[in-house]
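**Student:** Chains as they are written, first to last, in this note's numbering: chain A, 885 to 990; chain B, 388 to 1171.
One should not assume that every hint holds.
Said to hold, decoys possible - Result set (DSS-like, lysine-lysine): computed pairs, CA atoms no more than 30 Å apart in a straight line:
#, chain 1, residue 1, chain 2, residue 2
1, B, Lys-563, A, Lys-963
2, B, Lys-536, B, Lys-563
3, B, Lys-674, A, Lys-963
4, A, Lys-944, A, Lys-890
5, B, Lys-536, A, Lys-963
Just so you know, the hints here were simulated from the structure itself, not pulled from any lab data.
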Amino acid sequence: MSKGVKIVKPSGILDGMTSGNLRNEVESLLASGTKHILLDFAQVTFMNSSGLGALVAILKKVRSNGADLYICSLNQQVKMIFSLTKMDSVFMICENQAAFNKKFYS
Amino acid sequence: MNEPKFSSNIITSLKPNTIIFRYLIIVNLIIGAWYLQWRINHGINWSALWLAIPLLIGEIYVYLGGLMFFTGMWRPIIRKVKSFNQMSPPFPEQVWPVIDVFITCENEPVEMLEKTAQAALNIDYPQTKLFVYLLDEGNSPEIKKMAEKIGRIDLQSYQIKAEYNRLNYHRNQLEKRLKELDIYLAELESNQQFLPNFSLEVETKSEEFNQVLTWVDTLRQPTINEDDWCKFKLALGEGFDNVIKYGHRYLSQKTPIKIEVNILSDYLVFRIWDQGDEFDLEKYLAKMPTQIDEMAEGGRGFFIFQEIADYFSYTHYQKQGNCLLMIQKYRPIGESNYALSYCQSLRETLLLLNSDYRNIQDYLLVEKAKLEAQIAEQEFKLTNLIRCRYLPRENFSRKPHLVQTGTVNQVIFSGETLGDFILTLDADHIPKSEILQRILPYFYQYNLNTGNYEPNRVAFVQTPQVFKNIPQGDPFGQQAHLFYGPIQQGKDGLGATFYTGTNAVLRREALITVCSPYFLDQDHKNEAILDEFNLVSNMSSNPITEKLNIAMRLHSAGWKSAYHHEELSLGLAANNLSSTLREKLHWADGTIQVWQRENPWVKSGLNFGQQLQYFQTMYSYFSGFFVFIFIICPLIFFFTGVIPVQSYNADFAIHFIPAFLLNRLTFIVATWGVPAGELWRSEQYAIALFPVNIQAVWTVLTGKTINAELSIKQIESGNYLSLVWVQLSLIILTIAGFILGIYRWLSGNLEQPELYLINAGWSMYNMSLLLVIIRAAIWQPKSN
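Build out the structure end to end from the sequences listed, making use of the hints.
**Tutor:** See below:
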């Protein structure tokens, strides 16, 4: 992609354990100089508070590298945890990849 | 000067012709001083010093009194104001302040009080923001009954009735639920049925949760909507995660986690059983911060759990291990009558929980407490709708350290009233409906930066006291256009408006900040303050003292005040001598008490003008002694031939007459607009009441408590003439003096007829002043 957006697609349940992989993946992208990272949650079936905590850690890491983090394609359960914890105002969330592209490239 | 800054809704200006009046004052004071110096240097009768010195002191007293009186009127101001609902820019009605109307009463006729209360309820102001309190000093059951009646009738008014019905319906619904809950509580123990539940056992591995999710999704019912189901799974996920992360942290992965789920008609329930150590969840939750930092990486688990669960518990059992129970209410799809299903589902929940008695009880108690709190809230709202409220003295003197204080203070600090502003009315003062609209603008200032009206520093606004039933000729001198006119306008100009207890609006915040040092000590911890408090409160037992004190403390704390010269209430005068005397005695006594306790000259925070105003009022009550001297002087001459001045010759006349005439002229100009008859009446009373003033000063200075109330009441039944025996004897003595003189003249023994005439003229003048009170004593209302 022209502006250097890298897309990561985690899957299954995102909790304290599984989020470790996601974190590694994001860190290696940052190391290679990526400035825009989109987490596509289409394949994520469930996320708990530990998973959310890990996302916060990732967000901090991304920001400290001067990069941006976007999330898209949340299922209803994941949306619910974001809104219950009011974290939907902290993350940049898009409905899906198409919506992200529209917003990002326009 | 020290004048409050009002927005353009209020225009303040000097009274017209003030400049002429000021010239007159100056000339008057100079001529007066010239006369006095002449009196001191050339006018003293050295052969009768016992009489000459008191008279001279009296004249100096009068001169100083005049000096203060006239300088007190140096800056008379007039204020023009737009009504509250017509201010520009407009003040939105939603944010209008709440008003308490305090009507103080004490054994007044109920019919009269009813009129006042009714008029107060009818004041032009939003009904939901106006409350009327009858502060009854006398604990009269009739007044209480009347207050309840008026309150009930008021509830029938259209606006309030709709609100009442709405709240009452709500309350009844809640109460029904509570009753049913009680029935189920009773049924509980006898009921042994169980509802089927679903359960699953997994190992202590986080990836097992996938299996749990798949399993739980098979249990979903079509009546459960997506949102509720997501929440349920979220809570379940948090519970499960907790076991993995904490409960089973040091246990083998083989350790089983058992999950039980029940789906009821409007409750979702799960239990997660773990084998970890005992853990006090309540204690942990109590310590938990209420807010989680948005960039925190953990700590959200229980927060989410609490958001979702309507009830949860974590209980340790000897055999089965720990159980995390979560109950979540949900609104079933297609279920319209929520109230009906409440009981049904409650029953199911109870049955379900029956195996676990402790949890059931906890749950029910939580439910019950919730319902009771809701009912209490509704009831509070309902009682708040009643706009006419009765507060007997016993109610507001419950706190022992508040007993002795003034009524208004007590009510404010007893916490039973909440208005932002307080309109105080005497029981016999019927407010006009526009009273609040006319007064409230004084309390706000438009802020150009925010575009809002903001409270300013005005603590109270006083309006005139007017009586509508004054008999022909005002025998009791009750019309007060002089005080509620030039005098108050002058006081206002010097930032020292007097609060007189009725027809005034006060800002609660100001009262609280100013009076609280005297009331702060709720816990009796600080003995020093308490002593101070007792002293003040004992001193303040006279209601007048309270009024003067309130204004003086407000002024000394930097609060502003205003006098609004518009008649906004109509009072009923008592029209009998004993009430008149009692009122005057109270003022005299109260004023001198304040002076003794809180001397304005040493009170910090008052400016010179304010100090002067307060001092002048107090000073004026000492006049009694000097009036007595003025009255007695010609009498002494009649019977002994002694005069207090060297001679009443031309030299005397040259000095006395200009000073006297100028004084009169200044007075006339200062009081321009007040009917001459009324001025004369008030002057008569100022003189004729000298025994009252002497009595007040004497009792206060000798530290006795005045019991005018009692003594006057005792006399009340009998002849009023016995109330004025001093004045009556002086008049009789004067007449005797005349007769004696005439007799001497007729028998050719009168040596100095011109001296005799001067003294006769002087005593005639005195008599004409004193006669007013004799006339009042024998006055009878005209029968129709």
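**Student:** When you check the alpha-carbon spacing of Lys-563/B and Lys-963/A, does it fall within 30 Å?
**Tutor:** violated, 38 Å
**Student:** Are the Cα positions of Lys-944/A and Lys-890/A separated by 30 Å at most?
**Tutor:** Holds - the C-alpha atoms of Lys-890/A and Lys-944/A are around 17 Å apart, at most 30 Å.
**Student:** Within 30 Å, alpha carbon to alpha carbon, are Lys-536/B and Lys-563/B?
**Tutor:** Roughly 29 Å between the alpha carbons, so the hint for Lys-536/B and Lys-563/B holds.
**Student:** Hint check: Lys-674/B vs Lys-963/A, CA-CA at most 30 Å. Holds or violated?
**Tutor:** holds, 28 Å
**Student:** Given the hint that Lys-536/B pairs with Lys-963/A, does the C-alpha gap stay at or below 30 Å?
**Tutor:** Between Lys-536/B and Lys-963/A the Cα gap is close to 57 Å, so the pair fails against 30 Å, i.e. violated.
The structure is inconsistent with the numbered hints 1, 5, although it conforms to all the rest.
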